[in-house]
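Student: Below are the chains, spelled out letter by letter.
There are 6 protein chains.
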Amino acid sequence: MKPVVVTNIERPDRSSVERLGRYSVATLHEAMGREGLMLPYMRPIYRGAHAFGTAVTVLCHPGDNLMIHASVEVCRPGDVLVVTTTSPCTDGMFGELLATSLKARGVAGLVIEAGVRDVAELEKMEFPVWSRAISAQGTVKATPGSVNVPIVCAGVTVRPGDVIVADMDGVVCVPKERADEVASRAEERVAKEEATRARLAAGELGLDIYGLRDKLRALGVTWV
Amino acid sequence: MKPVVVTNIERPDRSSVERLGRYSVATLHEAMGREGLMLPYMRPIYRGAHAFGTAVTVLCHPGDNLMIHASVEVCRPGDVLVVTTTSPCTDGMFGELLATSLKARGVAGLVIEAGVRDVAELEKMEFPVWSRAISAQGTVKATPGSVNVPIVCAGVTVRPGDVIVADMDGVVCVPKERADEVASRAEERVAKEEATRARLAAGELGLDIYGLRDKLRALGVTWV
Amino acid sequence: MKPVVVTNIERPDRSSVERLGRYSVATLHEAMGREGLMLPYMRPIYRGAHAFGTAVTVLCHPGDNLMIHASVEVCRPGDVLVVTTTSPCTDGMFGELLATSLKARGVAGLVIEAGVRDVAELEKMEFPVWSRAISAQGTVKATPGSVNVPIVCAGVTVRPGDVIVADMDGVVCVPKERADEVASRAEERVAKEEATRARLAAGELGLDIYGLRDKLRALGVTWV
Amino acid sequence: MKPVVVTNIERPDRSSVERLGRYSVATLHEAMGREGLMLPYMRPIYRGAHAFGTAVTVLCHPGDNLMIHASVEVCRPGDVLVVTTTSPCTDGMFGELLATSLKARGVAGLVIEAGVRDVAELEKMEFPVWSRAISAQGTVKATPGSVNVPIVCAGVTVRPGDVIVADMDGVVCVPKERADEVASRAEERVAKEEATRARLAAGELGLDIYGLRDKLRALGVTWV
Amino acid sequence: MKPVVVTNIERPDRSSVERLGRYSVATLHEAMGREGLMLPYMRPIYRGAHAFGTAVTVLCHPGDNLMIHASVEVCRPGDVLVVTTTSPCTDGMFGELLATSLKARGVAGLVIEAGVRDVAELEKMEFPVWSRAISAQGTVKATPGSVNVPIVCAGVTVRPGDVIVADMDGVVCVPKERADEVASRAEERVAKEEATRARLAAGELGLDIYGLRDKLRALGVTWV
Amino acid sequence: MKPVVVTNIERPDRSSVERLGRYSVATLHEAMGREGLMLPYMRPIYRGAHAFGTAVTVLCHPGDNLMIHASVEVCRPGDVLVVTTTSPCTDGMFGELLATSLKARGVAGLVIEAGVRDVAELEKMEFPVWSRAISAQGTVKATPGSVNVPIVCAGVTVRPGDVIVADMDGVVCVPKERADEVASRAEERVAKEEATRARLAAGELGLDIYGLRDKLRALGVTWV
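Chains as they are written, first to last, in the numbering used here: chain A, 1 to 224; chain B, 1001 to 1224; chain C, 2001 to 2224; chain D, 3001 to 3224; chain E, 4001 to 4224; chain F, 5001 to 5224.
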């Protein structure tokens, strides 16, 4: 692929993004039909981390953050930067200086299939990051890559403008065309769960609420 | 194995369980003769997590939490749910709705050789969980398994009614027959360590307290 | 290698060590020319962990902490204990009793390529540890090893007296001969970054500050 | 996503597929601009394994091979089955009975982001498989999934009809639209390498052939 | 646990063991109801490895093969040695000298949740081994353990005298009480598969043979 | 560290290297006092791989093989190339073209803490490689590094001119100063083992040959 920086991308309406941002990653993943969830090695760097926004995607050479620098000027307020590498990497490709720059542009957070550093400072700045590693290992700026091309990050295809939501459970990517549909389904799910929660808290059993007893019997389960 | 739910299990006296609950996992593991400790990939989902109780065991198909639902009604106050899967799995097989249900029954916590989700909510609820992964990945309810059969969880055999203690260091399983013996040994150990701690804090050396100098010499260690 | 305890080691001036202790691991790793960083599986056991000091090195048999006991009396105030094993090990080779002993001698922290236990107590004591695992698994005191010989820990060569700095990003080892040089370079780097930070916070782009636009073009990157 | 079996897919001309099949995975990956390579944990189950063909894609629930069964009838001679799961799985989801069925339909091999079993029999049958695990663990047929939808397998997006080439180095996916272009580039590359190989075998240096000496000097490398 | 060597163990009839030895690991695992399979990281050290026999179990300290030496004299012809360690270990705890000794006693092979060395020699001797690692790392003989107590090896409980079968797909443990029952079920399964294989080879579909079309429809799968 | 290529290194006498080359990795590791062994993830790429020689060391940026190219001209017949990267990497940094070049210079093999590609061709050429991964992933030639500086490879310090021996069990590094001493110890060990082997093959027990019965008793082991 020829290295390219795509400067203008299609983003869904901000209101759609904000609707999605009200729900947890688990809820959205369910609302999508159990798709779009990144692999569980993507972890937040601090407790309480939460972010949502539209994806600006970056494809880097391992150990080289040149294209993260190239991506900053195409970011807009409310974006989330999503970075992957052409092969597995744990280097600290991102730190507080880049976070300072992204914050100045209103970027809401970072999802990176590589390492991150300055995590104590990032927590102080309240700039949330989800990464596969924490590492002080420095990187170079020598090899080209691309910005705003479709990428695969932690097992999920992310296209520029797709909606990213990330919390303590992980990271989910909602395709931009499905933003409203998924938000509506999430809303329904939350409403339904609210009722279930009350019944469970009162001591009713999921076995009864979900009607699972007959299913267990049909599957040959016996009680002794 | 035919899928089965064993509804009544033998539990040791609550007083024995509570005696064990006073000690740390490290102390109990030592008191048992260095047995019964789960592999170190079992980690608490939040800082300060601590739980103890009698095991209700669950054997699930990977990616399928049907049998966790089936296990709820056989739990009693003071139990700890211990879940494993028939093959390796990191899916989020448990979340806050199930925790709500278990809390309503007085269950003290969960140990699961798979993933868990809603970890922020679980921390707020103070429902402690030890798992091998955190993942929002949803599961189905399609394949049978068993409740209250002996299982292997993170390298340790757990039988229904065995005593589980879990803290920031990991998870230990004390066979129910050994509950009192292990509690007594733990008590002795803690008393002995108290004295040692004071001496070490005062600057005495473990080399001298434990009489290791001669051993080192006998093993051929030289000082230069 | 014959097992040996080297009782006297050459340490750099305390003032040099303290100069290094002012900088983050990421900064020092950069100041050294991107050397000396331990592999990213070495993680602090609690949030906010930070330590620096001169290395006392320990080489142990896996599952055997005899030589950690042997190392205590050669430690001096301001040292950091650095422990490795002759083959991969995750056992809890260190706990709060040993920490009590080391604290009594003024040791600043522990870096161990193995497991550690009593992590809740260690946090309360504010004794910082970086390890590859947390495990309650106990160890024996049966097989000899060495103290204060050069070791490899998490991919880095550490010699007795080298300077260790560890924070939330990981662990770096600065060769004692380079202590002052590296501290000076770190100082320069921090000063330079301070200026850059202000410009980035004001909305200037790294692309412009670092002059990367021409480089991107020369590497064939196009903007579309 | 609603579960679906897409029965007719667009495949590139067989001649294009066969052109690609002449080249190694390494060559094709280079010819594509270093894209399309699956992660290195995907390994062949026997020495000498080699396969190429058009992808029929399958998305399964972990531990459930129902959709592999559903995929057989949509396979045509010269296809390669590419299977992934909705979450990480190492179970033996495929064995010699399924291979017998696929061979009867002329399928050239299997790429599966999960486990495989009967590997001795598969080698005897000369049915090549690339997988992330070898495991005898059996699976169920209980949960729906899809056939011939775009999937992510081992970090790479695979669409139905894309060209898969696999050898001892791993697995590459060539987008169907690029089949001829990539084959041509591969051809050029092989021709060029042939000449280079002869020069290297005669003792000439890559440093000179590729003109790297000046580059090294410009990057600050010194010879001592 | 007090260290102990149990010299006499109950073994099932040799004829039962030999019946089990005729079947593959995959077939036996299915015949048992999908139980008893060790985790997939247990791999044979050479192509074509196959073994079966009655388990003599060994529990070792990591990096210490003292108890393997202690186990040799309690082995009988047709046994398989099954070794685990009290905590994770990859050292080469077994090599060709121990294999020479075991061969002299008629032992059929080794299953070890640790490392093994001299693998080239072991292949020449045709002494099959399944291990989690290959490593030349030597071990000591310093710490006690036990022989012929129940152990957990690679996630499976193994009691002395249980039947072990191992092939290129992994390792399965059949409880001695179930030897004949499992052999009978395996025989039935193989007979049934033989018929299925012929139909699949002739081009019939598993979808039809297993009657899965209706199930797919009931689960909501659509064909497009 | 400033990037540098050291063109002349001190190598031990060829006769010493050849003496070491007669022994297995396991034997040499023992003869050294159980030091110098690389971590067990370093595996040969084909069955029967064996190599020995004097180390030429290379330090590369991850995903960048520029310095391997730079190292070729400083290699001499009988050398083994030992390559590491500044941070973890699995890319295929080496393939058959580089092997052709090294073979033309008489290099005996490659040890690389990264990936390798063209493994089928390398086997045909009989150019042995030990690596941590097999991957077709291509690399760039953009970032400087060093040749013939001390490096850490798979947990072991390797200095230019040290003796590398590698076989199916892994890779060992013998410091050049110790070449003759270690060869002599290996010779003694092999002689001694020869006698032991004959006794073990005749049915004598290691317990008796090594005098371990008393030790077991002293350690508290009982026979029941």
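Check before you lean on any hint, since a few could be wrong.
Said to hold, decoys possible - Computed list of lysine-lysine pairs in DSSO-like fashion (alpha-carbon distance at most 27 Å, straight line):
(1) A:K192 / A:K215
(2) E:K4141 / B:K1002
(3) D:K3192 / B:K1141
(4) B:K1215 / B:K1192
(5) C:K2141 / C:K2002
(6) F:K5124 / D:K3124
(7) F:K5002 / C:K2002
(8) A:K124 / C:K2141
(9) A:K103 / A:K124
(10) C:K2141 / B:K1192
(11) F:K5141 / F:K5002
(12) D:K3192 / F:K5002
(13) F:K5002 / C:K2141
Treat the hints as calculated values from the structure; they're not laboratory data.
Student: Look at each hint and say if it fits the structure.
Tutor: The hints, checked one at a time:
1. A:K192 / A:K215: holds (22 Å)
2. E:K4141 / B:K1002: Judged against 27 Å, a Cα distance of about 44 Å means the pair is violated.
3. D:K3192 / B:K1141: Since the Cα atoms of K3192 of chain D and K1141 of chain B sit roughly 57 Å apart, the hinted pair is violated (cutoff 27 Å).
4. B:K1215 / B:K1192: Holds. K1215 of chain B to K1192 of chain B sits at ~22 Å (cutoff 27 Å).
5. C:K2141 / C:K2002: The given pair, whose Cα atoms are some 18 Å apart, holds under the 27 Å limit.
6. F:K5124 / D:K3124: With a Cα-Cα distance of about 22 Å, the restraint between K5124 of chain F and K3124 of chain D holds, given a limit of 27 Å.
7. F:K5002 / C:K2002: The given pair, whose Cα atoms are some 35 Å apart, is violated under the 27 Å limit.
8. A:K124 / C:K2141: violated (43 Å)
9. A:K103 / A:K124: Since the Cα atoms of K103 of chain A and K124 of chain A sit roughly 13 Å apart, the hinted pair holds (cutoff 27 Å).
10. C:K2141 / B:K1192: holds (18 Å)
11. F:K5141 / F:K5002: Given pair K5141 of chain F, K5002 of chain F holds - Cα atoms ~18 Å apart, limit 27 Å.
12. D:K3192 / F:K5002: With Cα atoms ~34 Å apart, K3192 of chain D and K5002 of chain F exceed 27 Å; violated.
13. F:K5002 / C:K2141: Violated: K5002 of chain F and K2141 of chain C sit about 44 Å apart, past 27 Å.
Checked against the numbered hints given earlier, this structure breaks hints 2, 3, 7, 8, 12 and 13; the rest are met.
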